[in-house]
Amino acid sequence: MRSRVVEARSFEGRIAIGGGLEHFSTWGMSKRKRPVSTGPSQDLSEHEKTVYDLIRSKRDMGIRSVDLRRDTKLFPNPNVVDKALKALLAKNLIKQVKTVQYRGSKHYMATEFEPSAEVTGGAWYNEGVLDTAFIDLLKERCLIHISSLKVATVDMISDAIKRSKIFHAECSSQQIGEILRTLVLDNEILEVKSTGLGEFTCIPIGRVCFKLARKPGSAKEPKAYAMASIPCGVCPRIEYCSPDGIIKPSTCEYYNKFLDF
Amino acid sequence: MATQWGIKYAVHIVSSHFGDLAAKICECLLRRGPLSQQNIARFLETPPSQVKTCLLLLIQQNLVQAFTAKDPGGHGDAVKQTTEYIALFDNIIHRTRFPKFIIVVSQELEKGCVELFEGLLQHGRLTLEKLIDRAKSGKHIQENSNIENAVRENLSKLVHAHFVERCPAIEPVLAPPSEDELAAKKRASRSLKIAAGPDIVQRVLEAAAPMESKRFLFMSDENCIDSEKAEASFVDVGEKRKHSLLASDSDLGIKEEVLWRANYEEFLRRFRHKACVENVRERLDDGAAIALSSMLEAGRRLESKLKTETSVSVSINAIYEEAMKAEVGRSMTLDDLRDYLTLLECQKGADESYSIDLKSILELAQNEEVESIVLKKYGKDSYRIFRLLSKEGHLVETDKISDTAFVDKKEAPKILYKLWKDEYVYMQKVTVMGNRQSQFVLWKVNKATLWKNVENDMYHAALNLSLRVAHEMEQGKELLSLPVEKRVGTLGEKVNRLRRIRLVLEESLSKLDDAIMLFHVF
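Chains as they are written, first to last, in numbering that gives the first Met the number 0: chain A, 0 to 260; chain B, 0 to 521.
In short, the hints are calculated from the structure, not lab data.
Warning: the hint list may mix true and false statements.
Below are the DSS-like pairs computed for lysine-lysine, each with C-alpha atoms no more than 27 Å apart in a straight line [unchecked claim]: (1) K476(B) / K256(A); (2) K138(A) / K105(A); (3) K156(B) / K247(A); (4) K247(A) / K7(B).
Model the full assembly from the supplied sequences, consistent with the hints where possible.
Given below as structure tokens:
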């Protein structure tokens, strides 16, 4: 999945043709739910039925294998549970899902359910992991459009992204809004209110809009202020430092590097 | 109240400038509060005569203030009066800002004023007579009358610009707080849940301060004044009469004359304005910075205290007039100015006068300083989380933080715990009883506590920078003592490197001092 997103970023003209289709076509759209079945059509052994009923009762939350063994009281014979799980998987009555909370452990769910946001982490997660590559791509597009528009509302940026047809799936204004909020937290953009004057002429007075935080052409990294510019300001050992201590300014290694011209 | 590292930095400054005993006295007073001369001598195990000499020096340099403490005593006992001393932490730190003060004076007044001002900084406080003597020394006797007139004129200019002020009373009497005042203070500290910190320094300074009408009053033919006559001519009805001790009554034997000293408040006011203007320039643009600078300049004389939350309300015409004085502002039209003032979100009065919320601008500057530390120390994800909590201003749950800041749900708690361990964020655990017990962890940025910690760290860093400069200069002593003609080749490179090191460290210290003012003074 992630490699497809990387492809998408470097070969934007080919996104619609080549990679990333599967990923982008499902993202942002409500996931197709399969009809809820009333019960397994195949015959199940007693153990398989116990395990299946428990898994099904957890609906879209699913259950970890550890919790499953505890709840079905089939412990101290874990092999029985494992055998039942294997059979149910083979019969396609249950599926294994990746969760954001318990990435190391196996998590099972009845096949008719789609995992909830609490399990998957939400729309921005892909197989239990935050899809940072896709998020970075969206952030980049937002910055490009804000840079070109100078000042823009969420809707203006959302429309610009839709028109660019970079992505197959539509990102809702709400989702673009979430991306913009994180760009504000990154201090890449500022959230301001339109005054209706100057650069805000096209935007109604009072509407929330966004503009670049730094002037075009200025350094990409945020400015380092006084404390962040000196070794002591960001020193991990500052609490152990004293004029006559083992860690002291006259022999400090960080200072030696700082003054190594 | 001075922080731990603030005290250490102050002690280092006094030690560098006046020696160990002076430093120990200051440290004793800063840590223990007001003390009499006898108690200082007892704590330091030093002869009282040495303590007295040092105290005189420190008072001369405006680092210590004496006052008479009145002890009402028990039933039937006479009122007891003792002379006690307090160390002036802020004035000690201001000593590192003298070069900045001199730059301000040199930008506005001519060389003669700068020299006079440097003399006042060097000697702490001087009478007009002493200033004249100082100017005359080393000059021909025929020039004396010219020098005298020049000194009077220059002093007058310095006083008029508020760069120099009359010294406070040498030993004001401090009455104990009344029962009403004590009760009010207790109620305030209970409701605000703050410890009733030492306000004794503030009370002493207020008691010692000259009346505002006298503070910048310079009479060209005065040398010393009859204190009782001067008090009588300036006392207003209902205003508390400030009682100065005469020579024979003074514990220190100082004769009262008109003493002049640098007025730190004026310089701090200008630095405060400059900090606001630079912040606006960084966030908005040069035009907005010019508009703000002009507004603050137009209203500067009318500010009654340093830490005003809102600037003085000034008319659009006065702002425009000020903007026209600077070359960069001359291309601005009145409408441009109005647009900039709107962009700055100034409050507009009925008669088209404007004022601005300075407190908000300074808070933004403080936020930027701390966020910059978090970014450099902990990385981008931590930076986003910190900014989120800082903006929210209330407790936020871990998952909500992770969702809003786009930090992986597994990583967010690790980052938050790290920030919590270093006291950048506050944590609270909440247990919700329902079908099953759930525990939530909530986080917030507690600015009051964090800002104090940052200020403390700044003093620590300032002390470290000072010590490192001293160490480098000590190490390079021999190199620096080489004659110029020998500073060639490798030796020349080493000398240049040493110069560069000193420049970098001193510039860093100057920049850090601006940040210290942002957190402590402004």
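Each hint tested on the structure:
{"no.": "1", "hint": "K476(B) / K256(A)", "in the structure": "holds (21 Å)"}
{"no.": "2", "hint": "K138(A) / K105(A)", "in the structure": "violated (33 Å)"}
{"no.": "3", "hint": "K156(B) / K247(A)", "in the structure": "violated (46 Å)"}
{"no.": "4", "hint": "K247(A) / K7(B)", "in the structure": "holds (14 Å)"}
Checked against the numbered hints above, the structure breaks hints 2 and 3 and satisfies the rest.
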